[in-house]
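So the protein sequences, as listed, match chains A and B. Positions in the first sequence are counted from 1; adding 1456 to them yields our numbering. Positions in the second sequence are counted from 1; adding 1456 to them yields our numbering.
Worth flagging that the hints you see were computed from the coordinates, not collected in a lab. Model, not experiment: these values are computed from the prediction. Where a beta carbon is used, it is the ideal one built from N, C-alpha and C, also for glycine. It cannot be assumed that every hint is accurate.
To be verified - Derived CB-CB ranges, DEER-like: (1) Val1494/A x Glu1745/B: 46 to 52 Å; (2) Ala1475/A x Asp1540/B: 45 to 51 Å; (3) Phe1469/B x Ser1742/A: 27 to 33 Å; (4) Leu1705/A x Lys1509/B: 56 to 62 Å; (5) Met1457/A x Lys1715/B: 24 to 30 Å; (6) Gly1720/B x Lys1548/A: 45 to 51 Å; (7) Lys1548/A x Glu1785/B: 35 to 41 Å.
Number of protein chains: 2
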Amino acid sequence: MAVLHHSLDFILFSPVDSASTVPSLLSIFHEQEMTETVHDTKGHGYLATLVGKHGRLALLRVHSHGMVTIDLQCYQEDSVAEVDNLLNALEKKLKALLSGNIKRFKRLPALIRGAEVDRYWPTSDDRLIEYDIDQVLYEEDSAYQNIQILHSKQYGNILVLNGDINLADSDTAYTHAIMGSGKESYTGKEVLILGGGDGGILAEVVKQKPKMITMLEIDQKVIDGCKTHMRKTCGDVLDNLTGDCYQILVEDCVPVLKKYVQEGRMFDYVINDLTAVPISTEPEDSMWEFLRLILDLSIKVLHPSGKYFTQGNGVNMTDALTLYEEQLEKLSCPVGFSKEVVCVPSYLELYPFKSCFYCLFS
Amino acid sequence: MAVLHHSLDFILFSPVDSASTVPSLLSIFHEQEMTETVHDTKGHGYLATLVGKHGRLALLRVHSHGMVTIDLQCYQEDSVAEVDNLLNALEKKLKALLSGNIKRFKRLPALIRGAEVDRYWPTSDDRLIEYDIDQVLYEEDSAYQNIQILHSKQYGNILVLNGDINLADSDTAYTHAIMGSGKESYTGKEVLILGGGDGGILAEVVKQKPKMITMLEIDQKVIDGCKTHMRKTCGDVLDNLTGDCYQILVEDCVPVLKKYVQEGRMFDYVINDLTAVPISTEPEDSMWEFLRLILDLSIKVLHPSGKYFTQGNGVNMTDALTLYEEQLEKLSCPVGFSKEVVCVPSYLELYPFKSCFYCLFS
């Protein structure tokens, strides 16, 4: 049973006296059988907690610097009409009391806390975003991560790994970009996909009749979930681990890559769909170590004329992107790179919406 | 001075006794010189309000159905380190106390209430979205509306009318779509733009050397703001109200349209950039009346082979879109229409991100 957290915020041109506002607000609360406890704020304005039936709880603050805030928490099963009436009455009364002194009034959509289906997925630069998620289709904890497949009216089914939005049915732009935006031909080529358990890239590359695609995905449970719930993205390519021109190895890519390096195996394309660039800008971070290792191994299995594609990070994470580009200069063999900024619908801001994609070449 | 509203939510597999959780949490608060008032919730779990220095305020609730929530309000000028330490200590303690019983833990980015620059612009389907807005470049109240031009790192400068995001520098996709997605040629044509005070459409149509563009924008203050702060969108077309192949009439479009109808004036294209489709699905709503009136007048000034373009609403507002399409059938002259769904970067969800564009023809 979720808690709905409502807020009414009045930002004022000049401070108001609590004596001129509080009594008539309290009488509105009293009508709803809510009773107050007034707190000593040691000079930080008026503060009352109000408790009522059905677990209703309100905070009334008349801030000393020219702001009035009201919080109302109630349970989701509470009467929507009664709660709305209370909020409307408070809003109306305060608009009348503060008339002429209101710089801004803000009544945000209620924050839904503890709902069965979580709708809040903050961005990489830590902003609050509420998605239109209405259903959890799949949830598993594998040995590697928490896997969720969620349904959104707007984006279709969305794969979420450890709370990070990976790919939605709507995100063909992601797959298109990480394959080189239509400028590459995979026909007759040797292709290596790192990660990619949602099958989106595999399904697209297969269409171009490559010589062979090898996909290294560590997590069988991602494949299982996507096979069932992300068919708009993967089609039928995940139904079998091998097909006419592809094989999926359910393995950690690092030892496999090391083996390929030893064997001298070469690919025309390496597509790294493993993780986005770490958000942290601590170069000592083990995420960065991992990223460098993968990059280094990938370049070693790349034909001299081959290309490596990967996703960068959200365009707002400029420091992380700069650091990423510095990593490229530290590789054991020198590479050039190009980058492209693309809209990925479901990303909004989460590794956001506009995302950098990199193409590396020798 | 804004209030930062932090929340820590623990959703549990099974209810916990407040006696097993509350005392060690209170001691963390006490270390920060916060003192509690415990409230009688009449059977709805444990509730304490805690008040501390610098106007700090916390709510501690152990809900009777298996959830623990903590709210912490503090002022923006408060010590970030101290507040973070307090939140971290509470989170750590609760994770230890509730170990094995935590279904989900959620620590959302703090809600910033009453900031100088407002970052929250809810979507048309009332979801909470925080933008990366860092500056108010222009704010005016005209006779018609509140006009703001805001700066976002991601979207560039954004025109906001009465709290609705209209257009950002990033939104060339909007202009492209409302002009018919590159499938129309405006060269040598008579074009009528309704609204469009940001100059985005005007600037693009002008490039195609039409015979004449007439733009009817009611609000000089929108033009003034955009001329200065939206130059990436409008270029120099707003610097003068007349140009080689255009004239801007700063007038209410309804009487002008009525006059054009009487005069028998005809256009090859009418581009309605006035308002989006009303969100309300009350057909009696005056917004719908207005919309029908504009539609009707527009069709009357349209050459038999002409086309009318307009923006629909967010793809999530299916009821409103259906109602809009019903309005089209009620027009005095019958029209056909096609529609297209397009990504508009800054819209995210606000008349959202994916927006319908309509093309009407006789």
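That 46 to 52 Å hint for Val1494/A and Glu1745/B (C-beta), does it hold up? With Cβ atoms ~49 Å apart, the hint holds.
Confirm or reject the claim that Gly1720/B and Lys1548/A have a C-beta distance inside 45 to 51 Å. 49 Å, holds
In this structure, is the beta-carbon distance linking Phe1469/B and Ser1742/A contained in 27 to 33 Å? The hint (27 to 33 Å, Cβ to Cβ) holds, given that Phe1469/B and Ser1742/A are roughly 31 Å apart.
For the pair Met1457/A and Lys1715/B, does the Cβ-Cβ distance stay inside 24 to 30 Å? Hint violated: Cβ distance 60 Å, outside 24 to 30 Å.
Lying within 45 to 51 Å: is that true of the beta-carbon distance Ala1475/A to Asp1540/B? Roughly 36 Å apart at Cβ, these two residues miss the hinted range, so it is violated.
With respect to the beta-carbon atoms only, verify the hint that Leu1705/A and Lys1509/B lie 56 to 62 Å apart. 59 Å, holds
Does the beta carbon distance between Lys1548/A and Glu1785/B stay inside 35 to 41 Å, or does it fall outside? 39 Å, holds
Going through the hint list in order, the structure does not satisfy hints 2, 5.
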